[in-house]
Each structure stands twice: as C-alpha cells, then as structure tokens.
Amino acid sequence: MPSSSRREGFARALVPSRIVNSPWVRPLALLVMIIIGWDLAVRIFSIPAYLIPTPWDVIQAFRTEGDKLLMEAVPTTIATVAGFLLSAAIGIPLAMLIAGSKTVESYLYPLLVFSQSIPKVAIAPLFVVWFGFGMMPKVISAFLLGVFPVIVAGVQGFKSVEGDMHDLARAMKATRLQTFAMIGLPHAMPAIFAGLKVSVTLAVVGAVVGEFVGANSGIGYVLQRSIGNFELPTMFAALIILALIGVILFWIIDLAERLMVPWHASQRHEILVTT
Amino acid sequence: MSPSPLRIVAREEAREEAPAVRSRLIEIRGLTKTYRTRDGDVPSLRPIDLDIHDGEFVAVVGPSGCGKSTLLKLVAGLIPPSQGEIVIDGKKVVEPPDDVGIVFQSPVLLAWRSVLRNIMLPVEVRRLDRASHLERAKKLIATAGLTGFENKYPWQLSGGMQQRASICRALVHDPKIVLMDEPFGALDAMTRERMNLELQRIHFETGKTILLITHSIPEAVFLADRVVVMSERPGSVAAIYDVDLPRPRRLEMMGDTAFAALARQVRSHFYAQGQLD
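Going line by line, the protein sequences match chains X and G.
Taking the numbering used here, the leading residue of the first sequence gets 147, the next gets one more, and so forth.
Taking the numbering used here, the leading residue of the second sequence gets 544, the next gets one more, and so forth.
Think of the hints as simulated: they come from the structure by calculation, not from any bench.
Cβ atoms here follow ideal geometry from the backbone N, Cα and C, with glycine treated the same way.
Some hints here could point you the wrong way.
Quick list of simulated restraints, FRET-style, between CB atoms [what the hints assert, rightly or not]:
no.: 1; chain 1: G; residue 1: Glu-678; chain 2: X; residue 2: Pro-173; range: 50 to 56 Å
no.: 2; chain 1: G; residue 1: Gly-633; chain 2: X; residue 2: Val-259; range: 49 to 55 Å
no.: 3; chain 1: G; residue 1: Glu-628; chain 2: X; residue 2: Ala-327; range: 33 to 39 Å
no.: 4; chain 1: G; residue 1: Val-585; chain 2: X; residue 2: Gln-302; range: 28 to 34 Å
no.: 5; chain 1: G; residue 1: Arg-670; chain 2: X; residue 2: Leu-385; range: 55 to 61 Å
no.: 6; chain 1: G; residue 1: Pro-791; chain 2: X; residue 2: Ala-327; range: 39 to 45 Å
no.: 7; chain 1: X; residue 1: Pro-265; chain 2: G; residue 2: Asp-672; range: 56 to 62 Å
no.: 8; chain 1: X; residue 1: Pro-271; chain 2: G; residue 2: Asp-582; range: 50 to 56 Å
no.: 9; chain 1: G; residue 1: Glu-667; chain 2: X; residue 2: Pro-265; range: 45 to 51 Å
no.: 10; chain 1: X; residue 1: Ala-411; chain 2: G; residue 2: Asp-632; range: 52 to 58 Å
no.: 11; chain 1: G; residue 1: Ala-674; chain 2: X; residue 2: Ala-327; range: 18 to 24 Å
no.: 12; chain 1: G; residue 1: Asp-584; chain 2: X; residue 2: Ala-411; range: 37 to 43 Å
Can you make the complete structure from the sequences, with help from the hints?
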C-alpha cells in the first residue's frame, strides 16, 4: 500500500529502524527514564545531597574525578579478571572430577556447599592477614565468590549426558578421553557458560569485598573512602564504574559463548539469521 | 492359498529349524538377566534361547517392561548377562562387538555436529579410514534421502530425518548386525509408516541382519522375517512367528487377510496375558 510505505519511509527518515531495533536501545531508554525519575525524586521530595546526590552532581564528579576513578578501576578489573580466570581454571576441572567420580563427589561436594555458607566478607580480613595488602587478597576473594557457580553449573552440565548417549559411546568402544572430548565437554559447554556468566559478576563483588578490607587502591577503596567523607557523588560515580566493569566482562563472556556454542538452543536464532 | 503364513514354532524347534543356506549369526543361549537394586533382585529376563540368521530381520514385540530393551542391550554387549551367553559370529559377547550398529529410541545426535559429522562419529571414534568411510557415509545419506542436509545441524531436521541420520550412523562402519531399540516410537504415525518402508529398503539393499525391538505389532509383522513375542516381566520368549509374506511388502498389504490374521495372532498373546501397555 502506498500510504503505509510512505509512513514507513517517513519513520525511517526520522530514526533508521536499524537503530530503533538494535538491542541496546531499549535498556538505554529505560536507563534514561530511571535517571529522569531519580532527578525528579530528589527534587520533589527535596532529599538532601548527603543522602542522595542528583544525577547532575554525579556527572560533575565524573568530570572532576573521572580520570582518577578510571585509574582506580584498573586494579579492580585486574583482580576481578584474575579471580574469574582462577575460578574457571579450578572450577571446571573440579566439576569434571565431581561429575566423573562418585567417590570424589561424596567427599568433596558436601564440603563445597558447606563452605559456601561462610560469608566471604567475614573471612576476607583473614586474607589480608595471610597475604598482606595488595592484589593477592582481592584475587582470592574474587575467586572464592566466583568459583562456586562454575562448579555447580559444570557438574550439572557434565552429568546431564543422557543414558543413550553413554550407551552410544560405549557401543563405539570410545575411550574415556574420547567420550569426554567428543561428548561430555561439548555437552557441558552451555551449562559451563551459564556458570561463567554468574561467576564473572560475582568476581566483581569479590574483588570489591577484598578492597573493602585491605587495599589502598581500587574502586572498593574509593567507595569506602568516599562514604567516610560523605562524598556521595564520587561514591555514585564509583558505583557506576563498577557496574560498567561487570557489564563489559559479562558481555565478553556472552560473546565467547556465541562463538563457542553457536549450536545451543539459546543461540539458535543467530544461526537462522545467517543461513 | 498355500499353507498359512502363520506358524507357531516351539522354542526347542526354533533353534534347530535354521534354513540350511543361512548361517546362524547371533546365538542366544539360556540368557537371563537379573538387576540388583536396593530393594532386592529384580528379574528382567527368564532364560531366553534364540538364533538369528545372517541377513534375517527379526522383530521383538512385548508388553512394556518385559525386558525387550534389556535383551537388546545384552546383545549389544552394553550390560553383562546374569547367566547364559550370546555368541555373535562364533565369538562370545563380553564387550560391545565391532560388527554391531545401534539405533536408539531417540536419535542421540550430537547437537554441535552437522549431520555428516554425526554420521562420521563412529569412524572417528574407531579410528577407521576416513576417506573410504566418507564415501560410504555419502552413499548412506543418499539412500536415506538426506542429500542436501549433510551440513545442517540436527535441530534443523524433522524427527524422522534425525532418526534416519542415526540409522546412517549405525551403518557407517558397515556392521553385519543392526540393533534397533524402538527406533520409531517417538515419530508420528505417518512418518513411522514411511520409515518402515525405508527400513525395509535399507534391509533389502544392504542385507544386514536386523534385530528390531518394537511395541507396534503391525510394524513388527510388516518388517520382520520372524516376529518374537515376549511374555510379561520377567520376559521370556512366548512364541515365534514366521512371516512368509512376499517382499517387497507394500503398506497396502496391511489390509490383506494374511497380514491381518498374523497381526491378530500376535496380538492375541497380549490380551490373553492382560495388557499390552
């Protein structure tokens, strides 16, 4: 119909539909609404600046202290990434062992679950006592928070191979290594990635917890100091940086997942588009 | 009409009755299986004796939980028997034999491999010559009507096509014997009939020895040279019927008197005993 195509053409002239439909537009629109709501709330209820700063105050804080905050983000990011990589490097083989051996599972799994109920914040000072100020306690704290979801997801992934699949492997006389490399590992990949995504966001929390208790650098340190000095705009700016670290790392894992398990149900629309 | 195509063969007689031209490929002797569980021993198979000849198509029908799948797993060497033995081609089965391909109820295709690479999986695992088997895989793909789908992923295929791919996978290393555990149970009725025709063709073209476990009586009668009827748990051979219907069989034959009589005869076992399912 000419009229509808004209209307579409008109809309496209204003905002190209490619941009409107791109995945980042909707969350961004929501974010803008939240910021407007925040600003309105502060003004309407006249909330004092030492409780909640206005968005404008936070932007000011970015302008004056942005460079310094980005500098402080570096050690936090390093601690997060190191703790996360350690989680993956230790968590995935551990999940393999637990899923592969009933004996290992019976010894290890209950203790792992038990250890998860110990609050990391409570034992973080201990790492400072053991490893001193600096990178080490942060990495360990990030690792301890990040490793559990990797293990749980990995165990589930490795265990969810169907009985018929095992029979198929045995009928082909596959070795243990072949079964693992050709069936077990690829089968567990989607679950492992789900665990890694949770892990990376928890690793950020872990790194900040480490910085709370024993560090003189990093976003966690900035957070603690700015609360102490009632510099709330700086604190909010630091929180935003922290959230950005988490989002970027999550996005990287998501990208890796798309590249490595393009065959999984959660990724299939991507393939359908390309074929 | 010549003598009825339907004959009850006594168990002892069945063993002796092998046609002189065809050699016994699978010999099942006094086979029993008892599963040990926490609640005690659960007998699954009572002593079973059965001979399957080279190139023969044998279908096993029986009520749910009668141990038909257990029988297949025993022949496949996936579980050890409690008593008795299975001899394939003169060799006692103690581990999965090389000369066997298995088709499961679900296609169990690997989601991250294309159809062709799924079919080539046994070749990779068994470290067989890739080039010659690739040729063979492509021929099988053509036979199974999967041409053009070699590079698709399993989830891009219909259920019937997935199961055809898994049949190709079972045949790729050219085994003498194909074991099928209710391979078409998950398919809709019309797809199932088409798959029966295709399986008949594959059997005709390849001359494989096929042991088919099924709970569909028409399917068993349509496909098999002999139908083995199993009793309820713990399963044993209740009767063996020779199906002398001419080949190639057509779907329309399902309406014929001889076919109906056979199917009715097989069915009567289950209603005499109680329930089929």
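Results for each hint:
1. G:Glu-678 - X:Pro-173: 50 to 56 Å: holds, 52 Å
2. G:Gly-633 - X:Val-259: 49 to 55 Å: holds, 53 Å
3. G:Glu-628 - X:Ala-327: 33 to 39 Å: Roughly 34 Å apart at Cβ, these two residues keep to the hinted range, so it holds.
4. G:Val-585 - X:Gln-302: 28 to 34 Å: For X:Gln-302 against G:Val-585, whose Cβ atoms are near 29 Å apart, the range 28 to 34 Å holds.
5. G:Arg-670 - X:Leu-385: 55 to 61 Å: holds, 56 Å
6. G:Pro-791 - X:Ala-327: 39 to 45 Å: Given range 39 to 45 Å: holds, Cβ gap about 43 Å.
7. X:Pro-265 - G:Asp-672: 56 to 62 Å: With Cβ atoms ~59 Å apart, the hint holds.
8. X:Pro-271 - G:Asp-582: 50 to 56 Å: holds, 52 Å
9. G:Glu-667 - X:Pro-265: 45 to 51 Å: At roughly 48 Å between Cβ atoms, X:Pro-265 and G:Glu-667 fall inside 45 to 51 Å, so the hint holds.
10. X:Ala-411 - G:Asp-632: 52 to 58 Å: At roughly 42 Å between Cβ atoms, G:Asp-632 and X:Ala-411 fall outside 52 to 58 Å, so the hint is violated.
11. G:Ala-674 - X:Ala-327: 18 to 24 Å: holds, 23 Å
12. G:Asp-584 - X:Ala-411: 37 to 43 Å: At 41 Å between Cβs, range holds.
In summary, the structure is inconsistent with hint 10 from the numbered list given earlier, while agreeing with all the others.
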